[in-house]
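S.K.: Listed below are the residues making up each chain.
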Amino acid sequence: MATDDDQGSLDHVLARIRDRVASKRAAGEYPPGLEDELDRFRVQLLSGRTSDGALGPLTDLIENVRSATDFGRHRITTDSALPGGTKLHRLIAKIVGRQIDGLAAQSHEFGLAVVSALVGVRESMNQLVAGGADPAVAMQLPALQERIARLERTTGIDVPIPDDLEARLVALEQHPVLASLHSPITNDAFEAAFRGESTAMRAHYGSLADRLVGFDPVLDIGCGRGEFLELLGERNVEARGVELDGRLADAARRDGLDVVAGDGLVDLTNRPTESLGGVVAIQVIEHLTAQQLVALAAESHRVLRPGGKLVVETPNCQSVFTHARGFWLDPTHVRFVHPAYLELLLKSVGFTHVEVSYASPPPDDDMMVLTGEDDQLDENFRRLNALLFAAQDVQVVATR
Amino acid sequence: MRIDQVIAGASSGDAVTNLTLMLRDTLRTVVESDVFAGAADEDVRHEVKGLDALASSGDGPVIYHCSIGCPPALDALARARRPIILVYHNITPAEFFEGWDPSLAALTRRGREELRLLRPFVMGTIADSSFNADELLELGYRDVEVIPPIMNIDRLVELPGDATTDVRLADEGGPLFVFVGQLLPHKQVHQLIEAAHVLATYRDWHPRVAIIGAGRHQGYTESLRRLARHCNLENVRFVGKAPDAVLASYLRAADVFVTLTGHEGFCLPVVEAMRFGTPVLARAVGALPETVGNAGLLLAPSDGPVVAAEAMWELADRDRLRHELITRGHRHSRQFEPDRVLTRHVAAIEAML
Chain A
1 MATDDDQGSL
11 DHVLARIRDR
21 VASKRAAGEY
31 PPGLEDELDR
41 FRVQLLSGRT
51 SDGALGPLTD
61 LIENVRSATD
71 FGRHRITTDS
81 ALPGGTKLHR
91 LIAKIVGRQI
101 DGLAAQSHEF
111 GLAVVSALVG
121 VRESMNQLVA
131 GGADPAVAMQ
141 LPALQERIAR
151 LERTTGIDVP
161 IPDDLEARLV
171 ALEQHPVLAS
181 LHSPITNDAF
191 EAAFRGESTA
201 MRAHYGSLAD
211 RLVGFDPVLD
221 IGCGRGEFLE
231 LLGERNVEAR
241 GVELDGRLAD
251 AARRDGLDVV
261 AGDGLVDLTN
271 RPTESLGGVV
281 AIQVIEHLTA
291 QQLVALAAES
301 HRVLRPGGKL
311 VVETPNCQSV
321 FTHARGFWLD
331 PTHVRFVHPA
341 YLELLLKSVG
351 FTHVEVSYAS
361 PPPDDDMMVL
371 TGEDDQLDEN
381 FRRLNALLFA
391 AQDVQVVATR
Chain B
1 MRIDQVIAGA
11 SSGDAVTNLT
21 LMLRDTLRTV
31 VESDVFAGAA
41 DEDVRHEVKG
51 LDALASSGDG
61 PVIYHCSIGC
71 PPALDALARA
81 RRPIILVYHN
91 ITPAEFFEGW
101 DPSLAALTRR
111 GREELRLLRP
121 FVMGTIADSS
131 FNADELLELG
141 YRDVEVIPPI
151 MNIDRLVELP
161 GDATTDVRLA
171 DEGGPLFVFV
181 GQLLPHKQVH
191 QLIEAAHVLA
201 TYRDWHPRVA
211 IIGAGRHQGY
221 TESLRRLARH
231 CNLENVRFVG
241 KAPDAVLASY
251 LRAADVFVTL
261 TGHEGFCLPV
271 VEAMRFGTPV
281 LARAVGALPE
291 TVGNAGLLLA
301 PSDGPVVAAE
311 AMWELADRDR
321 LRHELITRGH
331 RHSRQFEPDR
341 VLTRHVAAIE
351 AML
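Going down the list, the protein sequences come from chains A and B. To convert, note that position 91 of the first sequence is 91 in our numbering; the numbers rise steadily by one, no gaps. To convert, note that position 207 of the second sequence is 207 in our numbering; the numbers rise steadily by one, no gaps.
Extracted from the complex, chain A is given alone in its bound form (with noise of 0.2 Å):
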């Protein structure tokens, strides 16, 4: 029999073999998160969960409708308890023959219709949720579930800050963005006052502005002085912008942009479909009403051409500093969007590919100091600073 000794050496063994890895991993030969890869990657070809019984009451169903489409004057008795009854019974069935053949027929027809709609169902309903079909749409499933799930749960403050923030906020230090950066109050005079600020607005859409290189047409809606279609224009990428404030379209026409006075919904509405390359939504979804944004969503989806982009940008909900200090200035802001609703939403209505990004850092002399010398209390400090500072906008890129 095997002694004690014998396993104290295969113990040996084993711990050989995840030191070897552990120091594999900390050598780089194994990646980090290669579990968590290799489990996404066994999630999404494991697929084939949906057996053959999931659907199995709907096969059988079709074959109890099929097996009862054999209508016919056959399948009605003429047999009768009563004296002469039956002689009586088979007479009617002769009179009345030609139109039980041809009610037959005609119900024979239907119920082959009803077996066919429902072998269609059937088809959808496997290419939906069978491995072989689409793993892809099958995986949108159960993160849509965890996401809805996660907006439920979501209380206001409870709302998890993205990995990468904290390295975004350091690459973004450098930018003097402000608090003030986006005018709260969209007319002439307040939109004029920031004029100054230009240069750190250039700064800050530049980089979407080069999203929509080679995109157009593109519309802007809601584009204000048209400081995005200016971007756009040095782009080489033709833009008309739209916007209801009248007096900001008039000057933004006197600076040589192509704007429209007049409501950016409407206009988009009335575009062809898959007519555009881009549609640009700057702190504009913020004023809608929730059935505003879902007709913003699903018209934008619908007169982008397929890979076509959709550019929004709105307050981060997620930063108690923008709910304190620059959200209510506008008294025309109707409600924060929550990015994982809106990326719900845009899939919902069809974008394949949705990039959320978080921007405008608030300015670091808000926040709180870390102490230098107390580890947990700047600890607590940190977590206190990505929750209350985190950035005060949200920037989305959807692609049809």
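No lab work stands behind these hints: they were computed from the structure. Ideal Cβ positions, reconstructed from N, Cα and C, are used throughout, including at glycine. The reader is advised that the hints may include incorrect statements.
As the list claims (entries may be wrong) - Derived Cβ-Cβ restraints for the label pairs, each shown as a range: (1) Arg40(A) to Arg344(B): 42 to 52 Å; (2) Ala117(A) to Asp204(B): 46 to 56 Å; (3) Ala39(B) to Val114(A): 33 to 43 Å; (4) Val346(B) to Arg40(A): 17 to 27 Å; (5) Asp19(A) to Arg331(B): 26 to 36 Å.
Since chain A is already given, all that's left is putting chain B on it; use the hints.
M.R.: Only chain B this time, still in chain A's reference frame:
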């Protein structure tokens, strides 16, 4: 005097069917004995009777082999009103089938419910392993006898291999890992493919991996093939349900027997591999610590495919470790020799009467 046996289904190559027939043959040397099955494959149908015949077959105890829910078997036992001896081979927990096969999941849940229902009518209980016995104790059973399953562990070793397979395996050359078992989600065959992927990608090592066993669930089997295809693992081969001669060829040529299963009530292929002198790599789940003992390398349940891959490399590469495990395997597997196990079964049954 009669001692009959009841099983849910009979099929050739099925461990429970085989052990029932072996026990029947032994019992028949002293008493009358038949096997009653809820369903039977064509090739073993002549060996068994239908459950309907149980009630009218006579008196005496009935040995009920339980490994899944089987409402017809329970009905038949209830109608027969004969004393019941339960032999528990383990029921795979339903959660392994959830999302894959709702009907199988329901059947395994039903199986556990049936164990609860049967308890008051059972005169004696045998479990394949302490792991299985513990499950019964948890359900309120008492005095559970632990005896390994009856199996002809040298059935394959004594067979000549399949000539074509032998030639092919020799021609190909290179290390060979073999998994034997039904392709069902709880066997976690996907982890073996992932380990092969890790070996290929991060060690640039492409040993052959033979996955042998019947595909019991179409969706899972297809997913496994898809996984191997997506990982570009041409060296992973799905052999399917292999005839004994082919199985013998593979086990004889194998460098390592490997299973990364998530649940086992016993795992007979491990013992067969030991008889072939093939080192065993397995996972310490279910009854495997008992079945493998100190004669194989047992990964922890938490060890993922990366550790499994390194262990596969270790076992194929280290001659001293291999020889040590081969020697231990021969020694350890002796306790499962059918004569010893049958004697223990008969003694236990006798004591229950």
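S.K.: Taking 42 to 52 Å as the stated bounds, is the beta-carbon spacing between arginine 40(A) and arginine 344(B) within them?
M.R.: Distance hint for arginine 40(A), arginine 344(B) holds at roughly 48 Å.
S.K.: CB of valine 346(B) to CB of arginine 40(A), is that within 17 to 27 Å?
M.R.: Check failed, 53 Å falls outside 17 to 27 Å.
S.K.: Do the beta carbons of alanine 117(A) and aspartate 204(B) sit within 46 to 56 Å of each other?
M.R.: holds, 54 Å
S.K.: Is the gap between the beta carbons of aspartate 19(A) and arginine 331(B) within 26 to 36 Å?
M.R.: With Cβ atoms ~29 Å apart, the hint holds.
S.K.: Return holds or violated for the Cβ distance of alanine 39(B) and valine 114(A) against the range 33 to 43 Å.
M.R.: holds, 34 Å
Of the numbered hints listed earlier, the single one contradicted by the structure is hint 4.
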